[in-house]
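Enquirer: Each chain, letter by letter, is given below.
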Amino acid sequence: MTTTAAGKGTLGTRTMRMNIGPQHPATHGTLHLEVEVDGEIVTNCRPHIGYLHTGFEKLAEYRSYNQFIPLSDRLNYLSSLNNNIGFALAVEELLGIEITPRCRVLRVLLAELGRIGDHVISVGLQAMDLGAFSIMLWTFVEREKLYDIFETVSGGRLTTSWTRIGGLSRDITDDFVPLVRKFVEYFPGVLDEIEKMLNRNRIFTKRTIGVGRMSKEEAVSHGVTGPLLRASGVAYDVRRARPYLGYDKYDFEIPTHPDGDVWARYRVRMAEMRQSIRIIEQALENIPAGPVTALDTKFALPDKFSVYNDMEALIHHFKLIMHGHGFQPVPGEIYSCTESPNGELGWFIVSDGTRNPYRLRCRPPSFINYTAFPKMVEGAMISDMVAVMASMNVIAGELDR
Amino acid sequence: MGLEKLLGDGILATRVSALVNWARQNALWPMPFGTACCAIEMMATLSSRFDLSRFGAEVIRFSPRQADLMIVSGRISIKMMPVLLKIWEQMPEPKWCISMGACASSGGVFDTYTLIQGVDQFIPVDVYIPGCPPRPENLIDGIRKIQEIVSKERLWDAKHGN
Amino acid sequence: MNANHPVVARFRERFAADVLSVEEFRGQTVISVKAPRAVEMLKSLRDDAECPFDMLTDLTAADYLRLDAPERFAVVYQLLSMLRNERLRVKAYVSEARPEIGSVSSLWGNANWLEREVWDLYGIRFLGHPDPRRILMPDDYEGHPLRKDYPLKGRGERSHFPKYTAEEAP
Ligand code: SF4
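Chains as they are written, first to last, in the numbering used here: chain A, 1 to 401; chain B, 402 to 563; chain C, 564 to 733.
Hints were generated in silico from the structure; no laboratory data involved.
Here the structure is a predicted model, which is why all the values come from computation and not from measurement.
Idealized CB from N, CA, C, for every residue including glycine.
Don't take every hint at face value.
Stated by the list, open to error - Cβ pair distances, simulated, as ranges:
#, chain 1, residue 1, chain 2, residue 2, range
1, C, G719, B, Q467, 33 to 41 Å
2, C, R575, A, R278, 39 to 47 Å
3, A, N286, C, F588, 43 to 51 Å
4, C, S607, A, R240, 34 to 42 Å
To be verified - Computed cross-link-like contacts, DSS-like style, restricted to lysine-lysine with a CA-CA straight-line distance of at most 27 Å:
#, chain 1, residue 1, chain 2, residue 2
5, C, K726, C, K711
6, A, K298, A, K319
7, B, K487, C, K716
8, C, K597, C, K711
9, A, K304, A, K319
10, C, K606, A, K216
11, B, K546, C, K726
12, A, K145, A, K216
13, A, K182, A, K196
14, B, K487, C, K726
15, B, K553, C, K726
16, A, K182, A, K249
17, A, K216, A, K206
18, A, K319, A, K216
19, B, K406, B, K487
20, C, K606, A, K375
21, A, K206, A, K145
22, A, K375, A, K206
Claimed, not checked - If you want the footprint, here are the derived chain A segments under chain B, 3+ residues with CB under 8 Å:
#, region
23, 14–24
24, 67–75
25, 138–144
26, 150–164
Chain A with its partners taken away, still in its complex shape (with noise of 0.2 Å):
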C-alpha cells in the first residue's frame, strides 16, 4: 500500500494506492487489481491479468484437433460442454462435414445444461461475495446433480472432453433422458426459491441496484457479449444471429434487462436459466434415433465398439489417431463462435492443410467482457468493485488462456 504525494481527493486527503490480488478471496481466483482510492471511492483501477497465462494457444500449434479438445474443457472450467461443442463445431466448419441429427439435439441439450450449470454457480457466488453463503451452497447441491448428468454422458465432472471432430465421444445411456427429465421438472422451483431469498433482500437490492452501470454504447464499443450486453438492453445472442446447431428451430427468447447494472446482469441470468430449460425440454421431446457420428469416415472418429469389434473401423480408428496421420483440412481461414454462457465464444483457425491447426485463437468472452470493467467501477465504492466483479463472471482460464 502506498499514499501517493500529490493529495488530489476532494478533502484535499490524500489518494490512496493499493492491491487487491492476486491471492484474495473476493477475486475468483487470480485476478489482480491495483486501485487508487480516496476514502472508500475508487478513483482509478487498473486490472493485471496473465497469472493463469497457458499458453494454450501456441500448444494448439503442436496438437492435432482432435487433441484440442480436452485442452477446450480447461479453458473455461465451469462451462466445459460449451467449449467443447464450440470448438467442435469450429472445426466441422472449416472441414465443412455435416453432423448427424441426433448429434446435433445432444449438443442442444448438454449445451443447455452447461449454460444453467454455468450460470447457476454464478448466480451463487455473486450472492455469496454480497454475504449470502447460502445461496453458494445451495448452487452447489444443483450442480452437483448436473455433474451426474455430465458423468452419464461423458464420464468426467468436469473436465469432460464429450465431442469429437463429427460427432460425440460416446452416444448417451438409457438413464440419461430420465434424469434430465426429472432436473428439468425441478430445477424451476430451485429458480423460485432463490429468487424469494434475492429478490426482496435488502442488502442484495441495496448492493446491486444502480451499481456498475454500462450504457449500451459502452457494451458495444468494448464488444461486450452475453448476458452482460443483453443485461445494457441489447437483445444480442450468437443462438439468434449465427444459428448453429438448429437453434433456430426452437421457441426461446432472449431476455434482456435495461439497466445493466449488477442487479440487471442477476435477473437476465436468471430469466436465461429458464430458457434453456424451455429449449431442453423441446428438445427431450424429440431427440432422433441414428448414430451419433457423421458418417463421414475421412473425418469422423468410429465409435469404440466397432473398433474393438471390427477391421475397417479399426483401420480407420488408426489412420485417424496414428503419429503422423490424421485429416488434413483444406488451407484457409475460419472463424465461427457459438454462444457460451459469458459470450460470444469464437474460434480463429488458420489451416496449413497439415493435420495441426497452424495457428489457432479463442476469442474469449471472459477476457473482453474484462475489458468493460475498469470503467464500470470507477467513482464507487471498493465494496461495490466487489460487486461488480461477481456479476461479470469473469474465468481466470479464459481470461488468459
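Fit chains B and C with the ligand to the supplied structure of chain A, relying on the hints for placement.
Expert: Okay, now just chains B and C with the ligand, sitting in the frame of chain A:
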C-alpha cells in the same frame, strides 16, 4: 457428545506431542491456493455433498498467516510462482502442503513456456493428489493423508523452528 | 457476408491502392490490406453509413513465417455490425523488419487490451497506443512466445525460481 460421561472429572495422561498432534490433525486450517479448474473441485469438496467439515478442515483462510495447510490446486504460471512463494513464506510453521491435480504436481497436459512443471521444484510438497481434476473424494483422501503425517510429527523436529 | 457486398465494394473503391485482395472462404469474407492506412480504413468501416461495424469482436495476429503470405505478420480484425448482423474480417499485413501498425484503441474500447496482448505475444508495436505494456506475460519477460520461431517449452524461464528452504524462512 458423550465424552464427558466417558471421562468424568478425571485426569488424562498422555504425551505432549500426541495431544498436540491430535489437536492439530483434527483442526487443519487450509489456505486454498486455487487458480484453475481444480479449484472448482476444491469448492465442490467444501460444499454440501462432500462436506469437508466432517474432517475438521473446513475453516478456509484466505490469509496465509492464519493457515497451516496450503492446497495448491490449479496451474501455476511463471507470473504466479513468485506470489505462491511469497504466500508459502508467510505461512507460519508448522505447515503442510498438498499439491492437487496434475498441473500443480507436474504441469499436467501443459508442457508450455509459461507453466511451472511441478511446484515441488520450489516448495516442499507433502501429499500429491493425481487427477485432472481429482475428484472430491481424492482431495478428502489427500487431507486424510495429511492428518496421518501430522499425527506422526515430533515436536522437536526442525520443521517447527526453534 | 459475401465478397460482393456493397460495403466491400465501397471499401475497395476508396482504398484501391492499399487493398491486397478480397477473398471468400466458407461464406466468410476477408479483406487483406497493407498496414500503413489501417486505422483510417477501419474507421471508415466503423462509420459506414449503411452497415456500420460498431463492434470489434476480436483483434489478434498470426505469424505466417512458414506460409506463403505478403508479409510475415498479419493483424486480424474481426468486425461485427450489430445493425445488419454482418461479419467481416480485415487482415493488415505487417513486415518483420518493421512490426508496427496504428492503434485502433480510440475507435473501440476493447482494442486497448487486445493490442497489448498482440504486442505481448507477437511483438507487433501499436503506434499511438496509450498504454503499451505487456499484459499476459510478466513485465520482465523477454521474447514474444507466440511467434513461430519461439520454442514451445520456452527458454528455461519456467525453472528459474528460488527454492524455498526452511532455514531461510523468516
Ligand atoms: S490438473 Fe487438470 S483440472 Fe486441475 S488445473 Fe490442471 S488442467 Fe485443470
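Enquirer: Evaluate each hint against the coordinates.
Expert: A quick look at each hint next to the structure:
1. G719/C x Q467/B: 33 to 41 Å: holds (36 Å)
2. R575/C x R278/A: 39 to 47 Å: holds (45 Å)
3. N286/A x F588/C: 43 to 51 Å: Since N286/A and F588/C have Cβ atoms about 34 Å apart, the given range 43 to 51 Å is violated.
4. S607/C x R240/A: 34 to 42 Å: Violated, since S607/C and R240/A (Cβ atoms, about 28 Å apart) do not stay within the stated range.
5. K726/C x K711/C: With a Cα-Cα distance of about 32 Å, the restraint between K726/C and K711/C is violated, given a limit of 27 Å.
6. K298/A x K319/A: Distance of about 9 Å is within 27 Å: holds.
7. K487/B x K716/C: holds (25 Å)
8. K597/C x K711/C: Between K597/C and K711/C the Cα gap is close to 21 Å, so the pair holds against 27 Å.
9. K304/A x K319/A: Status holds; Cα separation ~14 Å.
10. K606/C x K216/A: Holds - the C-alpha atoms of K216/A and K606/C are around 20 Å apart, at most 27 Å.
11. K546/B x K726/C: Holds: K546/B and K726/C sit about 25 Å apart, inside 27 Å.
12. K145/A x K216/A: Violated, at roughly 36 Å.
13. K182/A x K196/A: holds (22 Å)
14. K487/B x K726/C: holds (11 Å)
15. K553/B x K726/C: holds (26 Å)
16. K182/A x K249/A: Holds - the C-alpha atoms of K249/A and K182/A are around 24 Å apart, at most 27 Å.
17. K216/A x K206/A: Holds, at roughly 23 Å.
18. K319/A x K216/A: At roughly 50 Å apart (the allowed maximum being 27 Å), K216/A and K319/A break the hint.
19. K406/B x K487/B: Violated, at roughly 47 Å.
20. K606/C x K375/A: Answer holds: K606/C to K375/A is near 23 Å, not above 27 Å.
21. K206/A x K145/A: violated (32 Å)
22. K375/A x K206/A: The hint holds at about 21 Å.
23. 14–24: Holds: 3 residues of the region 14–24 of chain A have a Cβ under 8 Å from chain B.
24. 67–75: Holds: 4 residues of the region 67–75 of chain A have a Cβ under 8 Å from chain B.
25. 138–144: holds (count 4)
26. 150–164: holds (count 3)
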